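Undergrad: Sequence:
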Amino acid sequence: MDTQNLPFVSEYAKSGRASCKLCKDKIDKDELRLGAMVQSAFHDGKQAQWYHEKCFFQKLRPTTEGDVAGFENLRFEDQKRIRDKIAALGGGVVEAAPAGKGKGKGKKRTAEQSMALKDFGVEYASSGRAMCRGCEIKILKDEVRIKKVDYTTEVGMKYGGQALWHHAECFAKLRSELGYFEKGEALPGYRNLKKEDMETIKRLLPAIKAEEVPVKKLKAEPKDEADAKQEAIDEELYAQQQKALFKIRDKLKDADIKKPEIHAILHHNKQAIAEGVDACLLRVCDILTFGALKPCPKCGGQYVLQKSAYVCEGQLTEWVKCLNSETKPPRVPAKVPDHIKQQFSFLGKYKSVVSDRVIKYVPPSLSTTMKKVKKEEELEEPKIKREKPPLYNLQFVILGKTETPKDQLKDKILKLGGKVTTKITNTVAAIISTPEEVERMGSRMMEAKDMQIQVVPEDYIEDAKGGGAISYITSKSICDWGSDPHSRIPQDEEKSKSKKSIYTKSVPSKVTLKLKGGLAVDPDSGLDEVAHVYKRDKLIFNCVLNKVDIQTDKNSYFKMQVLEADKGNKYWVFRSWGRIGTTIGGNKLDSCGTVVEATNLFYHHFEDKTGNSYEAHRSGCFAKRPGLYYPVDIDYGDEKTKKLAENNNIKSKLEPAVQDLVRMLFDVDTMKKVMLEFELDMEKMPLGKLSQTQLQGAMKVLSEISNLIANGGSNPQFIDASNRFYTFIPHNFGVQTPTVLDTVEQIKEKQTMLESLMEIEIAYSLLNADTDETKNPLDGHYEQLKTEMHTLDKSSDEFQRLCQYVKNTHAATHNQYDLEVSEIFKIRRKGEERRYKPFRKLHNRKLLWHGSRLTNYVGILTHGLKIAPPEAPVTGYMFGKGIYFADMVSKSANYCATTPANSTGLMLLCEVALGNMMELNQAFHVTKLPDNMHSCKGVGKTQPDPAGSYVGKDGVEIPMGAGVTDSKLRSQLLYNEYIVYDVAQVNCQYLFKMNFKYKY
1 MDTQNLPFVS EYAKSGRASC KLCKDKIDKD ELRLGAMVQS AFHDGKQAQW
51 YHEKCFFQKL RPTTEGDVAG FENLRFEDQK RIRDKIAALG GGVVEAAPAG
101 KGKGKGKKRT AEQSMALKDF GVEYASSGRA MCRGCEIKIL KDEVRIKKVD
151 YTTEVGMKYG GQALWHHAEC FAKLRSELGY FEKGEALPGY RNLKKEDMET
201 IKRLLPAIKA EEVPVKKLKA EPKDEADAKQ EAIDEELYAQ QQKALFKIRD
251 KLKDADIKKP EIHAILHHNK QAIAEGVDAC LLRVCDILTF GALKPCPKCG
301 GQYVLQKSAY VCEGQLTEWV KCLNSETKPP RVPAKVPDHI KQQFSFLGKY
351 KSVVSDRVIK YVPPSLSTTM KKVKKEEELE EPKIKREKPP LYNLQFVILG
401 KTETPKDQLK DKILKLGGKV TTKITNTVAA IISTPEEVER MGSRMMEAKD
451 MQIQVVPEDY IEDAKGGGAI SYITSKSICD WGSDPHSRIP QDEEKSKSKK
501 SIYTKSVPSK VTLKLKGGLA VDPDSGLDEV AHVYKRDKLI FNCVLNKVDI
551 QTDKNSYFKM QVLEADKGNK YWVFRSWGRI GTTIGGNKLD SCGTVVEATN
601 LFYHHFEDKT GNSYEAHRSG CFAKRPGLYY PVDIDYGDEK TKKLAENNNI
651 KSKLEPAVQD LVRMLFDVDT MKKVMLEFEL DMEKMPLGKL SQTQLQGAMK
701 VLSEISNLIA NGGSNPQFID ASNRFYTFIP HNFGVQTPTV LDTVEQIKEK
751 QTMLESLMEI EIAYSLLNAD TDETKNPLDG HYEQLKTEMH TLDKSSDEFQ
801 RLCQYVKNTH AATHNQYDLE VSEIFKIRRK GEERRYKPFR KLHNRKLLWH
851 GSRLTNYVGI LTHGLKIAPP EAPVTGYMFG KGIYFADMVS KSANYCATTP
901 ANSTGLMLLC EVALGNMMEL NQAFHVTKLP DNMHSCKGVG KTQPDPAGSY
951 VGKDGVEIPM GAGVTDSKLR SQLLYNEYIV YDVAQVNCQY LFKMNFKYKY
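Residue 278 in UniProt numbering sits at position 278 of the sequence shown, and the numbers go up by one each step.
Among the clues, some could well be false.
[To be verified] Restricting the straight-line Cα-Cα distance to at most 25 Å, the calculated cross-link-like pairs of lysine to aspartate or glutamate (DMTMM-like) are:
(1) Lys247 to Glu236
(2) Lys673 to Asp818
(3) Lys141 to Glu169
(4) Lys195 to Glu185
(5) Lys14 to Asp28
(6) Lys419 to Asp356
(7) Lys826 to Asp660
(8) Lys118 to Glu154
(9) Lys351 to Asp278
(10) Lys941 to Asp954
(11) Lys826 to Asp954
(12) Lys465 to Glu749
Hints are computed from structural coordinates only; laboratory data are not their basis. Predicted model, so just to flag it, every value in this text is computed and none were measured.
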C-alpha cells in the first residue's frame, strides 16, 4: 500500500519548530515524533499533526505498526518500544488481574489497560440526535447509551478520537468487535446510573475470562522449528543492520555534515536527490550500509525503501508513476568522493560491502486497507437488527389546550421515538389537538389545513404504542382534510450522513454567476460587481486546470483569472484551488499595478502548475508533465441556465400531450440529475459547455482501456488511462480515491455516460438557441426536433394493438416492474422516410423496440438513431457497432435507465428493414456483414410466438405474440436481438411514453 495513504507517520523531527498537538510544547530537533495524517482543509493533500511519543498514545490508537509510515526508518529500540505500546493498547479492555493476597486485595489494571478503559463510557443520552452504530437507529433522549472512542474515523484522526454511541443491547452484541471484555460495572460513568439501569448493564455485560477472549484466536499460526529459527536469525540480523545504519547516521550528524556534502555523495553514486536534507541523509546511510542502488530497469528511476520493499519513484509515463518494487534490489559498491573522505576522517577507510537489507514487513490494518477500496456510496446493512420505536422519525405539533399537559405529551412522544416541533412544515406527520380547536379554526389550524396535515386527538399516542402509527393518523383524524401521511415522513438520512466526509457535507450549491463580456468573474474574488475577465484580442486570461493521480489520491483543480476593473486601470490575479466536490481548498487575490504585471503573474503561475507556457497551450503545443496540472478544454463563458418558460402569453398550437413531452425532453433538472448520477463535477462541466474535443478524447481513452482489458494490460497502464479519462471528464469523488477503470462493466458505464453527455449537449444547445419570439417557446423547441408528432387515439385499433404488443412481450425475467402505456405518439422524422425508401422493397421488415435514457431523445429525434463513432470502444457491443433492437418490450425498456423515483421512460418502435439475417447464438464482433446479408440476429431462447404476429397492409410484421421458450435451443441469449449496421435501414414510427410501475 502506498505509504502516503497510511493513517500515521513516524520520524525524527527535522527541526524544533513543530509543537505537540496535545501538550502544545515544542518537539525538539531529532526527537522521535509520531503523527496522525489528516486531510488538509486548505489543499488537496494530507498533513501531519505531530505529537511527542508519550502524548501520541493518549490521543490515538494505531492497531498495527503497518499503519505507521516511516516506521522502517526508525532505530531498532524505538521500533520495539512503539510496537510493544501498540500491542498493549490494541488488545481491548480485559478483566483486571488480581492484585495479590493479603491486605489491599482487589484487582489491578495496567497503565495501558487504564488508558484503554477511558475509550469507553456509559451515560444517559442528552438528546435524541445520536445514532447507534450497531443498529443505525437514533438513541432516544434519556436512554442509556455506551460509547467507544474510535480513532480511525476522519473526525477521530483529526481531533484525537470520536465517540461512537450504541444502545446498551447493541453494545453487548458487538462487545468482542469493540474490544470490551471487562464487566459492565467497570465502565466509566456506571456509578451515575439509576439502580435499575445498573442492573441492566451488569446483566448485559458480564466479564469475559481471559482464556475466552476471542482476540486470542487472531494470533498467528504456530510456526515449525525451522521457521521459528529462521525468524529469530532474521530478527537478529535486522537489529544489527538497523544499528549499523544508525551508527553511520549518528557519525555524519555529529560531524555536522551539510546539504552540499550529502548531495555530493548521492551524485557520486548516481542516486536521485530526495526532497529534504533528512531524506537525502537517509539515502546516504542506506547506500553506505548496503551498497548503491542500481536504477529501476523499467524506467531508470530511483529505488526508495517503503515498508515492504524498495519502490521505484520514477515515472513510466507523464500520467503514471512506475512503483516497480523489489525486496532485494540490485546494488553496486558505494563510493565516497575523495574530498568528502578528507573532510570526514571516519570515512577515510570506508569500504563498501554490498548486502541485502532485511525487510520486516507488517501489513496495514484491515480498516486502513478497506478505506482504500470502499466507496462512500457502498453503505452496508446495519450490524444489528433492531425494531424502530413506534413513532420513530415522526414529527408532531401540539396545538391548543390539551387534557394532558403539553410537557407530558411531549415526553411521551419523545420516549416513543417521535419529535415535537412548534413550526408547521411539510415534514409534520400530524397535529395533536382537540375537536374544539378544529372547530375554532385559528390561523395555525388554517396553516395545517393548507398543508393537508391531519389533526389527531391525544389518545392517538396510546393507540400508536402497539404499532401502525402512520395508519392511525388517517383512521383517528378529527378533521375533514389530509393528504397521505407517508409523503410527510422525512427519510432517515442519519446513516448516509455519518458516512459522509466532513469536507463534503457543506459543499455549497452552485451560485449564480454575473456575466460580463460573455465571461463570468469568480464570485469568490469579491470583485464580480466591479471587474471583468481581462481579454487581449482573442487571448482570454482565464483557465481551469485539473490534476488526477490515483496513486497519490489527488483529484485537484486550479482556477485562475486576470481581472480588470470596470472603471479605472486596476488589475488583479485571482487564484483558487482545492479538491473537486469538497470544501477543501483556498484562494488568493493578488493586486497588480499594471496589466503587464498581472499577465506576467498569470503566465508564471500557469507555467509553474503545468510546466508549459501559456502561449504553448494556446497554440495547441501543450505537453503533459509528470505530477503537474492539465488544462480542461471546456467553454467557461456564458454559464446561465436557460429553462423553458412556463408562463407565456402566446398560446401553444401543440396538443397538450405533445406540450408535456417537449417540456420533459428539455427539462434542465433531468439533465443535471443524469450528470450527478454519473458522479460528474457540475462546476467544471456546466450544462451545455462540454467540449466535443474533450468528449472524443475521453472516448478514445475508453477504447484504449477496452484493448488493455482484452490483452491483459498491467496495473500502471490502467492507472495511466484512468488518470487521463478523469482529467478529460472531471468527476466528483468527494474525499474518496478515484476508481481505477479496469473492468468491462466500468467501460460500459462510462461509455453510456459519454453518449448521454453528447446527447445532453445537443438538447442544451437547442434549448439555448433563439426561437421565433412570435411563437410559444414550446412550439419553437418542438420545431427544433424536426419531427412531426401527434397522439394516437386511445380507443383506436392501432393504439390497442400496440398496447397488446407491450403486454404480450414483457419478458418473465424482467419482473421488477410492470409497463403502463401513458401515451403513444405517431412520429415522422424529417428526411427519414426519403432515406429509408430504398429499403421498403427489402423483405423481412419488422416493428421493433429501442429503449434509451430520457435525456438522449432530443438527439435521437433531431439526428436519428446513430451508430457508435470509430473512437468508441467495442466493449459492450455483443455483435459489433450497430443499432440494436428487440422484439421483447422489456429487453429494450431496461435501457431506459428509470428508477422508482424517476419512473417515466420513453421508448421507440421503429420499422427496421432486416432482409437476410446472419443468425448467431453467441457473441461475435461484426465489423462487416457477408455480401448476401443485410442484418444480424442474436437468437434468443424465448421469442414472441410467430403465430401471434400481425402483418399490416404495408407488409411490416409486428411480432406481438406472447413469449414462447425453446428449451432445446443452445444459445447465450435469453431474448432476440436485431442489429443493423446502416442507419438508413431504420424508420422511427412511434414514440411511447411509459410509466414503469416498480414492484419493489
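Undergrad: With reference to the structure, classify each hint as holding or not holding.
TA: Hints versus structure:
For the proposed pair Lys247 and Glu236, the alpha carbon gap of about 16 Å is at most 25 Å, so the pair holds. For the hint pairing Lys673 with Asp818, the CA-to-CA distance comes to about 24 Å; that is within 25 Å, so the pair holds. In summary, the hint linking Lys141 to Glu169 is supported, as the alpha carbons are separated by about 16 Å, within the 25 Å threshold. For a cut-off of 25 Å, the pair hint linking Lys195 to Glu185 stands: about 12 Å separates their Cα positions.
Only pairs whose Cα atoms come within 25 Å are accepted, and Lys14 paired with Asp28 is accepted, the gap being roughly 9 Å. Proximity of Lys419 to Asp356 is assessed by CA-CA distance (about 67 Å); at most 25 Å being required, the pair is judged violated. A C-alpha spacing of about 15 Å is found between Lys826 and Asp660, which places the hinted pair at or below 25 Å, so the restraint holds. A C-alpha spacing of about 20 Å is found between Lys118 and Glu154, which places the hinted pair at or below 25 Å, so the restraint holds.
With a CA separation close to 23 Å, the supplied pair Lys351 and Asp278 stays within the 25 Å bound. Among the hinted pairs, Lys941 with Asp954 is inconsistent with the structure: their alpha-carbon atoms are about 29 Å apart, more than 25 Å. Distance hint between Lys826 and Asp954 is fulfilled; the C-alpha atoms sit about 16 Å from each other, no more than 25 Å. Simply put, Lys465 and Glu749 have alpha-carbon atoms about 47 Å apart, too far for the 25 Å limit, and the pair is violated.
Violated hints for the displayed structure, listed by number in ascending order: 6, 10 and 12.
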